[in-house]
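My request is simple: use the sequences and hints to build the entire structure.
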Amino acid sequence: QVQLVESGGGLVQAGGSLRLSCAASGNIFSIDVMRWYRLAPGNQRELVAAIRTGGNTFYVDSVKGRFTISRDNAKNTVYLQMSSLKPEDTAVYYCNADIRTNVVRGYWGQGTQVTVSS
Numbered sequence: 001q002v003q004l005v006e007s008g009g010g011l012v013q014a015g016g017s018l019r020l021s022c023a024a025s026g027n028i029f030s031i032d033v034m035r036w037y038r039l040a041p042g043n044q045r046e047l048v049a050a051i052r053t054g055g056n057t058f059y060v061d062s063v064k065g066r067f068t069i070s071r072d073n074a075k076n077t078v079y080l081q082m083s084s085l086k087p088e089d090t091a092v093y094y095c096n097a098d099i100r101t102n103v104v105r106g107y108w109g110q111g112t113q114v115t116v117s118s
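Quick note: the working numbering has the sequence shown finishing at residue 118, numbered continuously throughout.
Hints should not be assumed to be uniformly reliable.
[Unchecked claim] So the derived label-pair ranges between C-beta atoms look like this:
no.	residue 1	residue 2	range
1	GLN13	ARG52	32 to 38 Å
2	ARG66	ASN102	36 to 42 Å
3	ARG66	TRP108	21 to 27 Å
4	VAL60	PHE29	25 to 31 Å
5	ASN102	ALA14	18 to 24 Å
6	SER62	GLN13	17 to 23 Å
Hints were generated in silico from the structure; no laboratory data involved. Where a beta carbon is used, it is the ideal one built from N, C-alpha and C, also for glycine.
Here it is in structure tokens:
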């Protein structure tokens, strides 16, 4: 059984930084894309950033230059370094990954709250 466990959320003032982590565990053969989504009250779920095994990355325009996604393939872990945080970054952040066990499917973490105060 595969699990994704997130950590690193919290309360921070505007302009501050946080680092989110998401570790995958279980009977994993390989992991392709790892992603961070966020969901804020009244909004739709938004893809924030993504990273492939080889390191290619994607960022939504609103976080470019402020957030950095990275991964440690040996640890099956993805990170999201968030800097210059704004109140509009407040949301529950979810980790998502395409993981191969005997088949490839998507898995989700439980979510971690990020709150940015003005």
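Okay, which hints does this one fail, numbers in order?
Those not satisfied come down to hint 5.
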